[in-house]
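**Student:** Can you build the whole structure from these sequences, using the hints too?
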Amino acid sequence: MFKYILKRLVMLIPIILGISFLIFFVMSLSPGDPARIILGEYATQEDVEALREEMGLNDSLIVQYARYIFKAIRGDLGTSYQTGQPVIREILERFPFTFKLAIGAVMIAVVLGIPIGIISAVKQYSWIDNLSMVVSMILTSMPGFWYGLMLMIIFALNLRWFPSTGASSFKHYVLPCITLSCNTFALMIRTTRSTMLEEIRQDYVRTAKAKGARAMRVIAKHSLRNALLPVITVAGMQFGILLGGAVVIESVFSIPGLGTYVVNAVKLKDTPSVTAAIMFIGVIGGVVNLIVDVLYTYIDPRLKSRYVKPKAVSRSEKEAA
Amino acid sequence: MKKAISLALALCLLLTLCACGSEAPKAPEEEKDSAPAENESVLDTLDSGTEGEAASDQKPLRFRLKTEPNTLDPHKTSGTGDPQVIQYQMYESLFREEKDGTIVPALAESYELAEDSTFIVIHVRQGVFFHNDTPMTADDVVFSLNRAIETGYNNAYVGAIDNVEKVDDSTIKINLKYAYAPIITCLSTLSTAIVSKDYVETNGDDILTRSPMGTGPYKLEDWVSGDRLVFKAYPKYWRGEAQIKDASIIFISDNTAAAISLETGDIDVMTNLSTADIPTIKENPELQFVTGPAASQLLVTFNNASGVFADARMREAVYLCIDRQAIVDVAADGYGVVQTAPLDSVLVECPKDFEVPEMNVERAKELVAEAGYPEGITISMPTIDNGTYSKPATLLKEQLAPCGINIDIQLMERAAWDDMVIYNTNYELAIWALPITALDSDFCASKFLGANCGGGGNFSNCSIEEIDELILRGRFLPLGPERTENYLKFCEAIRDNFVVCPIYTNMRNNAASAHLGGVYPSATLHMYMYDYYWIQ
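Line order of the protein sequences matches chains A and B. Here the first sequence is numbered in our numbering, starting from 1 and rising by one per residue. Here the second sequence is numbered in our numbering, starting from 1001 and rising by one per residue.
Calculated directly from the structure, the hints in this document are not laboratory data. A couple of the hints might just be wrong.
[What the hints assert, rightly or not] Calculated pairs, EDC-like style, for lysine to aspartate or glutamate (alpha carbon to alpha carbon, straight line, at most 16 Å):
1) A/Lys267 / B/Asp1385
2) B/Lys1232 / B/Asp1133
3) B/Lys1489 / B/Glu1465
4) B/Lys1173 / B/Asp1116
5) A/Lys267 / B/Glu1413
6) A/Lys7 / A/Asp293
**Tutor:** Here it is in structure tokens:
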């Protein structure tokens, strides 16, 4: 298993290199001169040229990229064009906010979505099933900022239960986490429901029931375990998506996360910040996927054989067998 | 299926009704629970906000801005807006713009301007301290002004200064490259803010990016990246310690969310209020709506040098089609003032009731045909992707269509737009809210100086000898009738050549808690928290 994990981590390197080159390339194509953006409209062309030279922007794209990567290998992800601060410091300042937001959203979605999905499957076509399907349809079809503003108006403005904006206490995260979880929650309900519907119609479930196992035990012990694999995949993928895609919610609730950081950096053509932040999100996404894959083996031991080399069987053991 | 749809719609309706259902907002007093504990951090105290039972003058102030600055270094800040508001709390210049727009000495005790306006002698105020408790000296002033010149960020304000020299321990002399009447106004901008020489030299030139060292009424305590700046009143401030001791500037990018935060009491004052939120703010007795004209005018600008609008007949056709009031009513929801002169309405030299050609769509059609487009023409218009620009752009498109000018609106990000329109003038027609940060007509007029074409800020690419002469003459004239007359001629020349077409003056729409006194709209965003106080 250790070897497998190591192999997966090593596989991340070409992926990250690819991402970084792509970002560098795309940023170079986008309009705007970083030096001019920094100095503003009153700067003379000479000042702009001097700054371009100082920033190394007059070198070819390949030279700029190679310089960046060599520094990155040594742990230096560069300094922001706009703030002049080390990019890694800025990312690490922002990441905890996004991480808490994503974790909170996924937890809400998992804790509520899976049980509702199970009930929907078990009580197919009942009013609970219909209601959950309608709710999940609404949650997937409406934009997140709308929920955000509605929740803010109801729970912050009218009821005064939670603060409207900011991120300095647990209470500040409640509304944004709920808002962010809406899509994932709906997805969890639908995924759990469909996989559970498949599982509860399997022969082994019928057999277990025939052998007198209680319905609750059959669902919890047998069906759910098998149904969980796709659900975990979805949860893991959603976590990765939420890490980089919580921009709108971060903006509405004024949470200083990584999403808004990347968007602002893109607007200001701050290539080092954008590249480093997306590489960082890429690494985290890769690690989350790896964790999900490792989790599979605990849920379905059959999968372990794919990752772990079978133990060599000694002659004495063979003979004993 | 029908049932499901009905249920979905009912849920939607319920959620909307819940959200829109009005519950009278509670007065801040009703929410108070307990005073913040003594050992709470500044941040915790600020978060407790209106919930604390602290005495009114001890209550922290929470000021909302839309965008976080990239730097707090006043000499390396370009552009206008939120960064300035922040820096005004920590830094001061030799002069200061007051509420009414007048310029008064600040870190300058007194000054003498040479008769020919080629140099200015300034007596530096004594008894002023930087936030590290070191006294401000003439050396700091000389260092700061020279640093401002060297950085190259704000040539508009320091471009006229040749050099700065120390005369004695309390006097400096600023030599100008040429006679320049607005020099005092330039010395009131943050581009010429005074910073501590020793502090910068000891800690390196980049230290001011995140650790400012000024002489202003508030000292920066903490910068929570992306979230807020936390300030404490500086007790040794030369005008006396600020009434509000603890303050923070909170960054909320969404205007609607900020308005909700104001209503909930999570913030106390906000800028950039959306026009859609104004009625709600006005109805709430716990809040006050503070508005006034901005030093920013929305105008239709043409590329005067190349392309379709190099032909003056095409520019005139646009002039003849525009219904300014309709644009104000629809695009700005009525919160704007129709503008006809190409100078900001808050400037003393801006002519009142300035006449422009009346609407005449038939004549406009003829002009377009005469210019060689009898069948009409389609023009691509780069437009910044936000309501300030996209709404008037849509109205403009409708208004120009009857005369045969069909606009294809190209929405784009601000940086890309700046690059295309302002820096490279690679466009035909655009809309821009032209801002100025200091109140002198030259800052507005110099945008039309021929020498500034090609990346120097002349976004309309206009190079007309008569206009250039008037702009340069205006720089030598002191305030008075002669200067006013000069700028009237300048406005007429811009109009007669159809260089740009002014539409309306933007408004600074701010809102604040009704318990907060001293809040005023500043055309140039000179918003000093020092002037604010809690109403007992």
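**Student:** If a hint holds in the structure, say so; if it doesn't, say that too.
**Tutor:** Hints versus structure:
1. A/Lys267 / B/Asp1385: With a Cα-Cα distance of about 12 Å, the restraint between A/Lys267 and B/Asp1385 holds, given a limit of 16 Å.
2. B/Lys1232 / B/Asp1133: 14 Å, holds
3. B/Lys1489 / B/Glu1465: 13 Å, holds
4. B/Lys1173 / B/Asp1116: 15 Å, holds
5. A/Lys267 / B/Glu1413: 7 Å, holds
6. A/Lys7 / A/Asp293: 13 Å, holds
Hint violations for this structure: none, all hints satisfied.
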